[in-house]
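A.B. asks: Spelled out, the chains give:
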Amino acid sequence: EPEVTQTPSHQVTQMGQEVILRCVPISNHLYFYWYRQILGQKVEFLVSFYNNEISEKSEIFDDQFSVERPDGSNFTLKIRSTKLEDSAMYFCASKRADLNYGYTFGSGTRLTVV
Amino acid sequence: KQEVTQIPAALSVPEGENLVLNCSFTDSAIYNLQWFRQDPGKGLTSLLLIQSSQREQTSGRLNASLDKSSGRSTLYIAASQPGDSATYLCAVASTGANSKLTFGKGITLSVRP
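Taken in order, these protein sequences are the chains called A and B.
Numbering follows the working numbering, with no gaps: position 64 of the first sequence is 64.
Numbering follows the working numbering, with no gaps: position 95 of the second sequence is 95.
These are calculated hints, taken from the structure and not from any lab test.
It cannot be assumed that every hint is accurate.
Claimed, not checked - Between beta-carbon pairs, the in silico distance windows are:
{"#": "1", "chain 1": "A", "residue 1": "Ser66", "chain 2": "B", "residue 2": "Ala10", "range": "44 to 50 Å"}
{"#": "2", "chain 1": "B", "residue 1": "Gln54", "chain 2": "A", "residue 2": "Gln11", "range": "27 to 33 Å"}
{"#": "3", "chain 1": "A", "residue 1": "Arg96", "chain 2": "B", "residue 2": "Gly60", "range": "21 to 27 Å"}
{"#": "4", "chain 1": "A", "residue 1": "Gln64", "chain 2": "B", "residue 2": "Arg72", "range": "23 to 29 Å"}
{"#": "5", "chain 1": "A", "residue 1": "His10", "chain 2": "B", "residue 2": "Ser12", "range": "38 to 44 Å"}
{"#": "6", "chain 1": "A", "residue 1": "Tyr101", "chain 2": "B", "residue 2": "Arg112", "range": "31 to 37 Å"}
{"#": "7", "chain 1": "B", "residue 1": "Tyr76", "chain 2": "A", "residue 2": "Lys83", "range": "39 to 45 Å"}
{"#": "8", "chain 1": "B", "residue 1": "Ile7", "chain 2": "A", "residue 2": "Arg80", "range": "27 to 33 Å"}
{"#": "9", "chain 1": "A", "residue 1": "Asn100", "chain 2": "B", "residue 2": "Arg61", "range": "20 to 26 Å"}
What the hints assert, rightly or not - Heads up, incomplete: computed chain B residues facing chain A, CB under 10 Å, no partners named:
{"#": "10", "residue": "Ile7"}
{"#": "11", "residue": "Leu11"}
{"#": "12", "residue": "Ser46"}
{"#": "13", "residue": "Gln81"}
What the hints assert, rightly or not - Anything over 10 Å on all C-beta distances counts as not near chain B; from chain A, calculated:
{"#": "14", "residue": "Arg22"}
{"#": "15", "residue": "Ser27"}
{"#": "16", "residue": "Gln41"}
{"#": "17", "residue": "Ser48"}
{"#": "18", "residue": "Glu56"}
{"#": "19", "residue": "Met89"}
{"#": "20", "residue": "Leu99"}
{"#": "21", "residue": "Thr104"}
{"#": "22", "residue": "Gly106"}
{"#": "23", "residue": "Ser107"}
Even for Gly, the Cβ is constructed at its ideal location relative to N, Cα and C.
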């Protein structure tokens, strides 16, 4: 069964550093998403991406965040200057346009900001 | 703003018991609802997707129902097994079939051998 692949599985970074989280969505999917889950809290929406542009973003997704689909297969989330409160599990998801199919999530990247 | 609630936060049952996990949402104008399973420290595995026009979906020992008018969904697990121990998340898509998902906090299920 096709999978959404995320790398790395765990990243530790110093506060103020830039990080790039990488995702390879399922190849025939058209919609791409980033979510995050702070330990013990709900999974929260960050941003959705379709047709090479952001289609929706949450209030969490401020100027420190950006997304890119540089080469037609990778989908990246960049955090420019990490804060302690950015520590969370970040999930990438993708979806077909077909209404009968749901979202497929990756296994996540655990980001720890120290 | 859509809010999704799952109560209780945790549930412990003996193996073999049939159980029901509840999910409620505040805005009944949803496009679909999806149930996920999350093992500790892991990603989200899709279990069932119910479209707004459907009343229920089944996969193996799992059955999910949807009552849009009352803002409720249930996930029924038959003949529970220790391997079913995980957190079960309910999520709704409100503004379109491909729109963002709003998640509940999940129900952590423990099935005792």
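A.B. asks: It remains to establish, for every hint, whether it holds in the given structure.
C.D. replies: These are the hints, each one checked on the structure:
1. Here the CB-CB span from serine 66 of chain A to alanine 10 of chain B is close to 37 Å, at odds with the stated 44 to 50 Å.
2. Hint check: glutamine 54 of chain B to glutamine 11 of chain A, Cβ distance near 40 Å, so the stated range 27 to 33 Å is violated.
3. Between arginine 96 of chain A and glycine 60 of chain B the C-beta distance comes to about 23 Å, which sits within the given range of 21 to 27 Å.
4. At roughly 38 Å, the beta-carbon separation of glutamine 64 of chain A and arginine 72 of chain B lies outside the given 23 to 29 Å, and the hint is violated.
5. For the pair histidine 10 of chain A and serine 12 of chain B, the supplied restraint of 38 to 44 Å is violated, since their beta-carbon distance comes to about 30 Å.
6. In this structure the hint that tyrosine 101 of chain A and arginine 112 of chain B lie 31 to 37 Å apart at CB holds, the actual value being about 35 Å.
7. Restraint check, tyrosine 76 of chain B to lysine 83 of chain A: a C-beta distance of roughly 42 Å satisfies the suggested window 39 to 45 Å.
8. Distance hint for isoleucine 7 of chain B and arginine 80 of chain A: a CB-CB separation of about 38 Å, inconsistent with the stated range 27 to 33 Å.
9. For asparagine 100 of chain A and arginine 61 of chain B, the hinted distance range of 20 to 26 Å is satisfied, since their beta carbons lie about 22 Å from each other.
10. Interface restraint check for isoleucine 7 of chain B: the shortest CB-CB distance to chain A comes to about 14 Å, outside 10 Å, so the restraint is violated.
11. Taking 10 Å as the C-beta cut-off, the interface hint given for leucine 11 of chain B is violated, the closest approach to chain A being about 17 Å.
12. At its closest, the beta carbon of serine 46 of chain B sits 5 Å from a beta carbon of chain A; the interface hint therefore holds under the 10 Å criterion.
13. Using the Cβ-Cβ criterion of 10 Å, the hint placing glutamine 81 of chain B at the interface with chain A is not satisfied: the shortest such distance is roughly 22 Å.
14. At roughly 15 Å, the least C-beta separation between arginine 22 of chain A and chain B is larger than 10 Å, which holds for a residue marked as non-interface.
15. Its beta-carbon lying about 17 Å from the closest one in chain B, serine 27 of chain A satisfies the requirement of being farther than 10 Å from that chain.
16. Under the 10 Å C-beta cut-off, the non-interface status given to glutamine 41 of chain A relative to chain B is violated; the minimum distance is some 7 Å.
17. Against the 10 Å criterion, serine 48 of chain A falls within the reach of chain B, whose nearest CB is about 6 Å from its own CB.
18. Consistency note on glutamate 56 of chain A: stated as away from chain B, yet its beta-carbon is not over 10 Å from all of that chain's, at 6 Å minimum.
19. Look at methionine 89 of chain A: its CB is around 8 Å from the nearest CB on chain B, not clear of 10 Å, so calling it non-interface is violated.
20. Distance check for leucine 99 of chain A against chain B: the nearest CB is about 5 Å away, which does not clear 10 Å, and the non-interface claim fails.
21. Residue-level check failed: threonine 104 of chain A sits 7 Å from the nearest beta carbon of chain B, not beyond 10 Å.
22. A cut-off of 10 Å between C-beta atoms contradicts the statement that glycine 106 of chain A is not in contact with chain B; the least separation is 6 Å.
23. A beta-carbon of chain B comes within 10 Å of the beta-carbon of serine 107 of chain A; the shortest separation is about 4 Å.
Of the numbered hints given earlier, the model fails hints 1, 2, 4, 5, 8, 10, 11, 13, 16, 17, 18, 19, 20, 21, 22, 23; all others are met.
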